[in-house]
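J.: For reference, the chains in residue letters:
Protein chains: 2
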Amino acid sequence: MHHTNMVKSKRVCTLLLRVLALCATIAAAIVMGTSHEKSSFFTIQFEAKYNHTPAFTYFLIVNVIGGVYSLLVLFFPAESLLWRFVVALDVVITMLLTSGVSAALAIAYVGKKGNSYAGWLPICGQVEGYCHQVGGALATGFAGVIIYMLILLYSLHSAIHPLHL
Amino acid sequence: MHHTNMVKSKRVCTLLLRVLALCATIAAAIVMGTSHEKSSFFTIQFEAKYNHTPAFTYFLIVNVIGGVYSLLVLFFPAESLLWRFVVALDVVITMLLTSGVSAALAIAYVGKKGNSYAGWLPICGQVEGYCHQVGGALATGFAGVIIYMLILLYSLHSAIHPLHL
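Just so you know, the protein sequences line up as chains A and B, in that order. The first sequence begins at 1 in the working numbering and counts up by one. The second sequence begins at 1001 in the working numbering and counts up by one.
Just so you know, nobody snuck in bad clues.
Reference excerpt, derived from the structure (chain B facing chain A, CB under 8 Å, subset only):
#, residue
1, T1053
2, A1055
3, T1094
4, M1095
5, T1098
6, S1099
7, A1103
8, W1120
9, M1149
10, L1153
11, L1156
No lab work stands behind these hints: they were computed from the structure. Each residue gets a CB set at the ideal place from its N, CA and C atoms; glycine is no exception.
Please construct the entire structure, taking both the sequences and the accompanying hints into account.
T.: Right under this line is the structure:
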């Protein structure tokens, strides 16, 4: 009986983490995908959009992949052979999400601070709303990475100490 | 007897992967750390160095961390309790290396191609040798990430199918 309760509470915890991961990845993709601002500097029309920056497009794509995967995993039948591959897939998805957030963050940092050595000027002063929205997408994407890390460490703990469940 | 051979071949394979990971991370750190070029454009002195770009400094740091960790793991005594944490540490190191390579690659891409929307010009034309060396560091760092992914998937396989070893 005690054992059954442990199994149940483990399932609830994993399920909760996977639902949170689904929410975070989809939210990050939507917030990044809708980031868009038009601005004018004297007579020059200036438009900022996520797909002007390859790193932001990559961030959007990996979060969509992460979201779709998180959704599919929720509907895997409990007896499916696919569960054998879920931990390996979790590793790959965690690495993809990590690389998406890191690449986007590196570019966002240049957008915010510029790089005087390379002569790249910061652009956040011109398109402040856009920058805030990208910042929100990055924060949400980072939450998704942390949740996936927890899922991974949790699965590892269960796999290495199967008797504790 | 057959079982003992499997255990041995598994140990040799893991050891080989860990030595390769050590070489790749240390090489990536050294190649990035020594990247440096002076150039002049008419009368303007121009210097390119890894620590002018926060993403490259981050890449160097995570590869040094990865290298030190890879070295320490080689000397863990076989009976140590630390082995319980090694898979979890492998997850964290893999994520750190992934984020380092991704951030540096995102910036290197802007250095190579520029970003016309943001008004950031490519700089690789002025400091070609520097760009090639950074490219080499990125390729080596990427190899380190792939090796760590293999180590992780291999440990997972062993943890989930302990009878196969």
